[in-house]
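Assemble chain B onto chain A, guided by the hints.
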Amino acid sequence: MKTSKQLAMLLAAVATTACNTDLKIADLNAPDAARAVSNAGDVQTLIGGGIRLWYIDSNNVDPGMAMSVMADELTSSYGNFGMRFNSNEPRIAYNNSSSAGDGAVANDPWRFNYAILGQADDGLKALARGVKIMDGSTDVSDEYEAIGRFLQGATLSNIALIFDKGFIVDENSPIPAPATFSPYKDVATAALAKLDQAIALSAGKTWQIPDTYFTAINMTAANFNQLLNTMAAQLLAYTPRMQSETDAVDWARVRAYAVKGIDHDFAPIGDYNNWWTDWATYANTPSWTRVDMRVIHEMDPNSPVEFPSCATPPRATSADARLASDFAFQSSIPFSSARGCYHFSSWAYARELPYGYDSDAATQQIGPYPMIRKAENDLLIAEADVRLGSNLAEAATLINNTRVGRGNLTPVSAGAGAPALLAAIQYEQSIELFATGPGLAYYNRRRMNGLQPQTPLHLPVPAKELQTDGLPVYTFGGPNNPDH
Amino acid sequence: MRTPLAYRLIALTASLFALATAAPVAQAQEGATVTGKVTNAQGQPIAGASIIITSLNAGTATTVEGTYTFRVSNRNITGRAVSLTARRIGFSPVTKQITLVSGSQTVDFTLVQDVTRLNEIVTTGVAGATSLKNTTISITKVSEDQIKNVPASDPIAALAGKVPGAIVMSTNGAPGQTASIQLRGATNLGLGNNSPLVVIDGVISTNGMEGISASDIVSMEILKGAASANTYGSQAANGVIAITTNRGKSLAEGKLAITGRTELGTSSVGHFIPLMEHHPYVLAPDGSILVNAGGNRVIKPDHYADNPFPSTGDNQFRNQLQTWLPNRSYESDYISMGYRQDKTNFFSSFSRDVDPGVLPIVQGYRRQNVRLNVDQTVTAKFDLSASLLYGHATDDGSQTGTGVFFALLQSPPDLNLERPNGPNDPVRYNPDMPKSFATNDRGNPLYGLANTATVNENQRLLGSFTARFRPTTWLSVDGSYGADHANNYSTSLQNRGYLNDSGTPGPGSLSASTDKDFSTNIQLNTTATHDFWNLASTTRLTYLAEQDDYEAFNTSGRKFNVGGVPTFNAMDPTTLQSGSSKQTIRANDFYITQGFNYQDRYLAQIVGRRDGSSLFGTAARWKNFFGLSGAWRVTQDFDIPGFQELKLRYAVGTAGLRPSFSNQYETYSVSNGTISKSTVGNPDLQPAVQRETEGGINATFLNRFDAEIVSSERRTTGAFLPVPLSVALTGGYSSQVQNAATIAGRTLEGSLNTRVIQGTDLNYNFTLTASRTRQHIDQLGAPPFQVGSGSQGQAIFYYRQGEDMGVIYGTRFDTQVSQLLDNPANAGVSLDSLKKVYSVNDLGYVVKTASIGLPSETPVKYVDKTGNSTVKIMEGQPDFVWGFANTIHYKGFTLYGLIDGSKGGQIYNFSKQWMFQDLRSGDIDQSGRPQGSKHAYDLYTNGFYNALDADSYFVENGTYAKLRELSLSYDLGTRFISQIGLGNTIRGAKISLIGRNLHTWTKYSGMDPEAASNGDPNLRLDGFRYPTFRQVAGQIQLDF
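Line by line, the protein sequences are chains A and B. When we follow the working numbering, the leftmost residue of the first sequence carries the number 1, and every step to the right adds one. When we follow the working numbering, the leftmost residue of the second sequence carries the number 1, and every step to the right adds one.
One chain only, chain A, in its complex shape (with noise of 0.2 Å):
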């Protein structure tokens, strides 16, 4: 009976000390919520990661290659990211449905921006409450409050350049806020004002963003200040809807911003990983997307707007030395005859092609990629000096810059006059800006009443959202919706 003993110790020894009863079991796989916004180190890692966050979420390719389709700068007949339909010929309405396979065009960039402002609202909300962030010994606060501020207003600043309508929410708001919807100028007027914040808080300063945050760029406050007021004169212009509002703009206010902006391009470095331009990387991808005819047809008048009867039209050629440096001759096309010749093109965009898909993996969204080139930032001065009437022997300066220093065209002078001085300036930004900040080429041709008819001006607000907050869906677009 000695085993029967034994065994019988042995199972109630196993059985008492396998048993553990503990039922509190933490998560360790994620920061706790409420220790984020108490600890300074987590707040630190909060904001400063929101900017990141910003850059991967601002140059995604939702909403940027619909937007980029819709304002034939690229091309393309492939279902994703909605670049087949939006581009449809004649426009067709944007398919606002919460099970819409397009429905993350509209749904991404809503979600990302509102993620990202509550991030920084929450941090906000603890340096409000008095968590202090050191750098060593020295109180850094004052510059995490300033990215904070600058999260807001970019993040306002999308909302309002690409949707009809938004909430205006901060770190002051209820939780829920109430559903209350502001128009896209208003959500713009709040935008401005949290960028006026971080300008502030930025001016004059001698800090610099870690590198861990905002990629190896030398983000001193000086730099920031410039990317801030860059940005504030970007939406301001790029806001309008159309020509009428576009002439309402405070163009003073725009130069008053622009002359304190940007002097070298705002390239972040991709590193494939954690750095990228998504939108970006597809548009330098001659196997998924092309330069729209219509850029080309800038470039030569002689090229059509569209491949005649899905024949291939005679090869562009051009004056402006960029048809040939900036861009790139295929002789094939992977787009289906079947989904219309209308998204035909013989050109890929070729000026960053090694960051694009189709190049070597060890290049694909490696080094630096200009989100805002400084001759974004210059023609912004020199839109601002002709509308305005004040300076335009400066506006021709800034335009030739690119116009003759890149193009090889002949300059243009202040005696032209304001109207070819605007015309030079939307050939720059077209090809001279082709590519780079998500959304630009639809925001400009936008302004100008320069899409085509019955594309919408602005998303409307996610169908997601809608159902969620129980209001009606809309859209806008095609031949049943208004276009804004």
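Simulated from the structure, these hints should not be mistaken for laboratory data. Remember, predicted model here, so these are calculated numbers, not experimental data. Built from N, CA and C at the ideal position, the CB exists for glycine as well. You can trust all of the hints, since none of them are fake.
Chain B regions said to be covered by chain A (calculated; three or more residues, Cβ under 8 Å): (1) 574-582; (2) 727-735; (3) 915-922.
Just chain B, lined up with the frame of chain A:
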């Protein structure tokens, strides 16, 4: 904090052991010997019958000759009568009262074949082992004899068509993938799963059926919902499947029993779908497709896809599916060995499966399982059992199915995928396919299969150790420890030079991920039986402690600095990325099961259970569950002519579902070292609770039929729901998991077993099962939302309060002109004036009459009276599902066939919708249509394709019947074996021809109507699913 009750139970167990072991036990040298023979009605010996005196736990099993002998020790010779029972599956048990006396006595038994299964014993969900006749709840028992004719690849697949109330579907037909089962409908809306709790030899299996072979199974007991499964508390709202594996207990004493079986066969696709064999392009004079100066194909003005692809040459038409989904051979081997001697018995087996499926190039799925089950009687009061399973499975990419099918179903028909750029293409399976042929191609599916070294490896170690102790005849205590260890490892290697879709050599990539899950459960049971006059009471008290630890790690790199060295060490360190996660789950459960049996007439069971789980939110850590059931065996009280047995029963109970690990935690998410917000935690989260009532009738009548009818009603309240939140208004959170839905289900299920012919040489019996389940969303604490449909799918299944489960909302195309009247845009327009513009085309859709046959022909979308164009287009729930299993024995021959199917309900053919995109589906082919009734491809690729939004064109009738299992076997018989001189070595031999999924009768146009996504039979969507394939095999089995 430790729970005092747990301590008390442990202390009780320990002291009972101590008590028993302290008592002096006389070591009897003599005793009573019971001997005898067990035969069938024809006087033939019955081997392997168990002979047992239950009250003394003494007994044995019969030899091949049907004889038995066992001894009872002196101290048990009390002069009182004891019950001696002989029992064998397939026969009615016989009990005889004997009085034990010193010396030998002979008791012979004659067992009669059992018409019904009612005498079988069940142990799941009841207080103690109970005959099916005396159960008060629904328990379906599937025994070895129902699954051995056509051994299934996994235990769930073996249940198809055999369990009323169950829907079994291979939602992914790839080899090694376990089938999905849903018992009496869903309990959730896209969050959590509908899989029953799996218990293997008493151990809760945390990792489901992964890697478990069906070969060792003796029986499976299935509890379908809360009315029966309440003893399993917060894990059991989806039901319970309890598996019992083979043991050595019933083997003949002292004789080694060895069985070897091998199956060799061929796998093939059962049904190929029609593809485009014609195109809409202008032909060159030589019959090839004309290509213009720009290198582009020129579309015919009429847009009719009716020109043939070339029939010869490199660009001849190929049916890519038939070309690249070849017949492949598979193999399955099994050997088992068992032995019983005195107090020790063991059973051991090894099985090996090699199954490449129907994809080319890859080796496929391979699995080896080793099992060892041992039982040891230590003393008359104390015995031990151990069970151990080791499973090892590998796969080299055959399970990457969906992606491959996605590309293959859309491959251009006029390319040789092996050399797409012509016979001299330097790259085999070149991913860079000629653009003019392969416009919008989905890539060359074969390049990745051939050039990606994939290893998916799963290891499973499942073991349990049980000690049973019976200090007195009325009390037994048992304790068990069970452990389930699963280890998965996956790696994928693309060497330096791996080509991208443009044919550019890349720097290669390597990824590896591994996860391990180790779960243990410790269970202590105390069972007391007592007779109060004529009322027998069984009380079972249980404590169960569960712990589950999970850890995962993955790393990947995308550039090799050194070629030919497939390690991370050879990679550019700046391209490496890693991630990891870990979690622990704990639960403590207490329950009491009380059974009453009044003279086998009136039966009742009461269950109370209290569960504490770390998965419940901090505000609701403990939850109670209950069960109450009763039955009346009417025929024990009244003689009803023609009825041998009639039982009425009723049960009510609750069971739950546990939330997922992360649902309760208020956290930010962290990725790449950056913190961000996503889901807001819910500390108030409770288990979802299902309350089910069921009423049932069991009847045996005319000595031939055994029928069961059960009606069940259930409501799962507090079902988990990712309630969408406004990211904008909540500061960045997009959803929160809440107990926010109520799902109701009503099931009527029935089964009928009968022996149609019972003769000496000829026997025929069949089992018919059928069930009808209606599922409904009673309450939804969120706006309507859609859930996904798996790979390449959009979220199209629609959940809305008041709606049935499995519905799709989308575009409905008008099929009658009068439907246009509903559209507010047509207000004031008369039907006659609409008919002047619109008519129904020969495909049955309303189009503009003037556009028929033109590229502008497009179907009109239905708009309802409120201006809404998103309407219900599909209902997935079948009217009923059924199974029909037949067995015919004629002398040594056995013919077995199982047909099962589904009547009604619809399927969404999402694969076809995608195939419209690039003119691949045979629907678009106009070659067979008379000239006047052809349609331009635009009608399909723009109109019906509908930008991949759900529409009514792709909703199809989901009715089908499948010849799922068929076998013809011949038992060579002992006489024949003796005649050929092998009688001393071989006990038995059987040869069989076996078929699986041989034929499907259906109007569904896709590859297989047994289609569902996300493993949920309610989501009847066919999206590039790996089809369930046909297998034809020969099998030979030898018993030594």
